[in-house]
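Participant: Residues per chain are reported as follows:
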Amino acid sequence: MMEEKELLPHLFRTEYSKITAVLCKLLGFEHLDIAEDIASETFLSASELWGLKGLPENPAAWLYTVAKNKAKNHLKHRAVFQQKVSVQLSQAATSEVPEIDLSVQNIKDSQLQMMFAVCHPAISIESQIGLALRVLCGFGIEEIADAFLTSKDTINKRLLRAKEKLREENIAIAFPDAAQIPGRLEAVLRTLYLLFNEGYFSASHDHSLRKDLCLEAMRLTFLLTENEATDTPAVNALIALMSFQASRFEARTDDSGDTVLYDDQDTSLWDEDLVQQGQFFLNKASEGTTASKYHFEAGIAYWHTIKTDTREKWENILQLYNHLLTVEYSPIAALNRTYALSRANGKEVALQEAKKLSLNDHYQYHLLLGELYTGIDNRSACSALERALALSHSSADKKIISQKIQQLTGND
Amino acid sequence: MKNFLFLYRADFSLAAQRSPEEMQANTKKWMDWIGGIAAQNKLADRGNRLEQTGMVIRPNNVVTDGPFTEIKETLGGYTVIQANSLEEAAELAKGCPVLAVGGNVEIREISVL
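Taken in sequence, the protein lines are chains Z and U. Under the numbering used here, the first residue of the first sequence is numbered 1, with each subsequent residue one higher. Under the numbering used here, the first residue of the second sequence is numbered 413, with each subsequent residue one higher.
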């Protein structure tokens, strides 16, 4: 049984967003703040009462009951207020308080609909991620600020603007029309993909916070697979990608929080269950006829879960990067593709291609050059690594690059 | 940046005689080449292959069937790339696998209507 001290934060993480989503759907998006307030007050009551009287038998059900009562009270007050202010609207006088449905199904539906509302193209991608973390994942403002490596003030302002914008746009908490789902779903997937990456690649040193970001992104993507209308090949490919990546989460950092590179990872720390989960969803993703960028990325991530280095592995990774790049260019994909090229076709070929990339401003570009020159021209390798060191920002990156330089000069 | 159309011409009747292994090796060559252009962020549209069957319609309802056996080189596919100049586009075309089988790449700047 979970300790009382741990239980409330745990429940907050899992139940806050459910209560907020259901209430917000009931009250309308323009009253998101009220829904959040009611959810917060519910947890405040819990922390006060549970400390005095001990834990209720079913804590989640207790929270739902209290939230329902608080919401009902709010609706009654609102009805009385409206009657008094607008007496002429006498027929609205017998306003009944609607039933507040906190069933599993309605919670899932509300959260999905909330996901579509929050991941709306009317607001910036940073706002979408921030709002998703706050409203759909129950993250505190401070945690969001930590994840983005910015101040609470910045996050507060960003969320406030985003909410205002969504109110102005009259965003409804509802499923988009069938015809609109593909386009809107694409926006949702992009946000979830970036939310996961924020956790996986963030420079933040808070290991558990980063892991929470990844798990929340996976939970929300998983919600999409549970609904027939949103259980598309691309959604399955995305959750496969996340599962494969997350399988290496524990192996990627050492006890002191430093990054451990792929080649140096202790493979016994790779999570076999997550690898299998990824394979399950990747198979499901292949049932359609279309291949999204998530399919190619999931395929690349799949090959990275295979421990043995073979020619076949790198040839497959190279071809998947070739395909990914024809769908969507990104500097990181271009660099990784060139690395895969070196493993599949040889360093000399890759070096020729690397020189055509014009990504001189990226420290990863010089890191790649350093890798490719190593063994061919160690002096050039060294100066490329020095350039990478000068261009890199995070202390974790600087540490790794310095180690590489030491290895190289030590070997001479 | 301007867009350029790459048109690939070769005697594609030879392609039909290839073994599965040769076909796979050929696909790899093409994908590695296209991937290299895409990695430079110079691919606008990866384009498509063209089937070797087709028709040509001429004035007065004159219709000729493909394949066009009277010409050794047939159009086999196209790609749209981005480059600053015709010279840069030509440089990109130099690695095209079609050249290794005696074919050619015609490069045409796309004039946007």
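Don't read these hints as lab results, they were simulated from the structure. All values reported here derive from a predicted model rather than from experimental measurement. Please note that a few of the clues may not be correct.
With a cut-off of at most 30 angstroms between alpha-carbon atoms, the simulated BS3-like pairs for lysine-lysine come out as follows [as the list claims (entries may be wrong)]:
#1 U:LYS484 / Z:LYS356
#2 U:LYS454 / Z:LYS355
#3 U:LYS506 / Z:LYS307
#4 Z:LYS313 / U:LYS506
#5 Z:LYS356 / U:LYS440
#6 U:LYS414 / Z:LYS313
#7 U:LYS484 / Z:LYS307
#8 Z:LYS347 / U:LYS484
#9 U:LYS454 / Z:LYS356
#10 U:LYS441 / Z:LYS313
#11 Z:LYS355 / U:LYS484
#12 U:LYS440 / Z:LYS313
#13 Z:LYS70 / Z:LYS152
#14 Z:LYS284 / U:LYS440
#15 Z:LYS68 / U:LYS484
#16 Z:LYS165 / Z:LYS108
#17 U:LYS441 / Z:LYS355
#18 U:LYS506 / U:LYS484
#19 Z:LYS355 / U:LYS414
#20 Z:LYS152 / Z:LYS399
#21 U:LYS441 / Z:LYS76
#22 U:LYS414 / Z:LYS356
#23 Z:LYS347 / Z:LYS284
#24 U:LYS454 / Z:LYS347
#25 U:LYS440 / Z:LYS307
#26 U:LYS484 / Z:LYS313
Per the computed footprint, the stretches of chain Z lying under chain U, defined by three or more beta-carbons under 8 angstroms from a beta-carbon of chain U, are [said to hold, decoys possible]:
#27 135-148
#28 316-328
For glycine and all other residues, C-beta sits at the position ideal for the given N, C-alpha and C.
Participant: Please go over all the hints and tell whether each is borne out by the structure.
Facilitator: Tested hints:
Restraint check for LYS484 of chain U and LYS356 of chain Z: the C-alpha separation of about 34 angstroms exceeds 30 angstroms, so the hint is violated. In summary, the hint linking LYS454 of chain U to LYS355 of chain Z is supported, as the alpha carbons are separated by about 15 angstroms, within the 30 angstroms threshold. Restraint check for LYS506 of chain U and LYS307 of chain Z: not satisfied, since their Cα atoms lie roughly 37 angstroms apart, outside the 30 angstroms limit. Between LYS313 of chain Z and LYS506 of chain U the CA atoms are separated by roughly 29 angstroms; this keeps the pair inside 30 angstroms, and the hint holds.
Between LYS356 of chain Z and LYS440 of chain U, the direct Cα distance comes to roughly 20 angstroms. Compliance with the 30 angstroms bound is thereby established for this hinted pair. Between the alpha carbons of LYS414 of chain U and LYS313 of chain Z the distance comes to roughly 37 angstroms, so the proposed pair goes past 30 angstroms and is violated. Between LYS484 of chain U and LYS307 of chain Z the CA atoms are separated by roughly 49 angstroms; this puts the pair beyond 30 angstroms, and the hint is violated. Taking the CA atoms of LYS347 of chain Z and LYS484 of chain U, the gap is about 38 angstroms. The hint is violated against a cut of 30 angstroms.
Of the pairs offered as hints, the one joining LYS454 of chain U and LYS356 of chain Z holds, with about 11 angstroms between alpha carbons and a cut-off of 30 angstroms not exceeded. Annotation: proposed proximity of LYS441 of chain U to LYS313 of chain Z holds, straight-line Cα distance about 17 angstroms (limit 30 angstroms). A distance of roughly 37 angstroms separates the Cα atoms of LYS355 of chain Z and LYS484 of chain U; the hinted pair therefore is violated under the 30 angstroms criterion. For the given pair, LYS440 of chain U sits about 14 angstroms from LYS313 of chain Z by alpha-carbon distance, which is consistent with the 30 angstroms threshold.
Restraint check for LYS70 of chain Z and LYS152 of chain Z: the C-alpha separation of about 28 angstroms stays at or below 30 angstroms, so the hint holds. Of the pairs offered as hints, the one joining LYS284 of chain Z and LYS440 of chain U holds, with about 26 angstroms between alpha carbons and a cut-off of 30 angstroms not exceeded. Simply put, LYS68 of chain Z and LYS484 of chain U have alpha-carbon atoms about 79 angstroms apart, too far for the 30 angstroms limit, and the pair is violated. Restraint check for LYS165 of chain Z and LYS108 of chain Z: the C-alpha separation of about 25 angstroms stays at or below 30 angstroms, so the hint holds.
Between LYS441 of chain U and LYS355 of chain Z, the direct Cα distance comes to roughly 20 angstroms. Compliance with the 30 angstroms bound is thereby established for this hinted pair. Restraint check: the Cα-Cα separation between LYS506 of chain U and LYS484 of chain U comes to about 21 angstroms, which is no more than 30 angstroms; the hinted pair holds. Proposed proximity of LYS355 of chain Z and LYS414 of chain U is supported: the alpha carbons are some 22 angstroms apart, at most 30 angstroms. About 29 angstroms separates the Cα atoms of LYS152 of chain Z and LYS399 of chain Z, which keeps this hinted pair within 30 angstroms; it holds.
Of the pairs offered as hints, the one joining LYS441 of chain U and LYS76 of chain Z is violated, with about 71 angstroms between alpha carbons and a cut-off of 30 angstroms exceeded. Pair hint LYS414 of chain U plus LYS356 of chain Z holds up; C-alpha atoms about 18 angstroms apart against a cutoff of 30 angstroms. Note on LYS347 of chain Z and LYS284 of chain Z: the hinted pairing is violated, with a Cα-Cα distance of about 36 angstroms set against a maximum of 30 angstroms. At most 30 angstroms may separate the alpha-carbon atoms for a hinted pair to count; LYS454 of chain U and LYS347 of chain Z meet this at roughly 23 angstroms.
At roughly 24 angstroms between alpha-carbon atoms, LYS440 of chain U and LYS307 of chain Z fall within 30 angstroms of each other, so this suggested pair holds. Taking the CA atoms of LYS484 of chain U and LYS313 of chain Z, the gap is near 39 angstroms; set against the 30 angstroms cutoff, the hint is violated. Check result for the region 135-148 of chain Z against chain U: violated, 0 residues qualifying (beta carbon to beta carbon below 8 angstroms, three or more required). Beta-carbon proximity to chain U at under 8 angstroms applies to 7 residues in the region 316-328 of chain Z; the threshold of 3 is reached and the given coverage holds.
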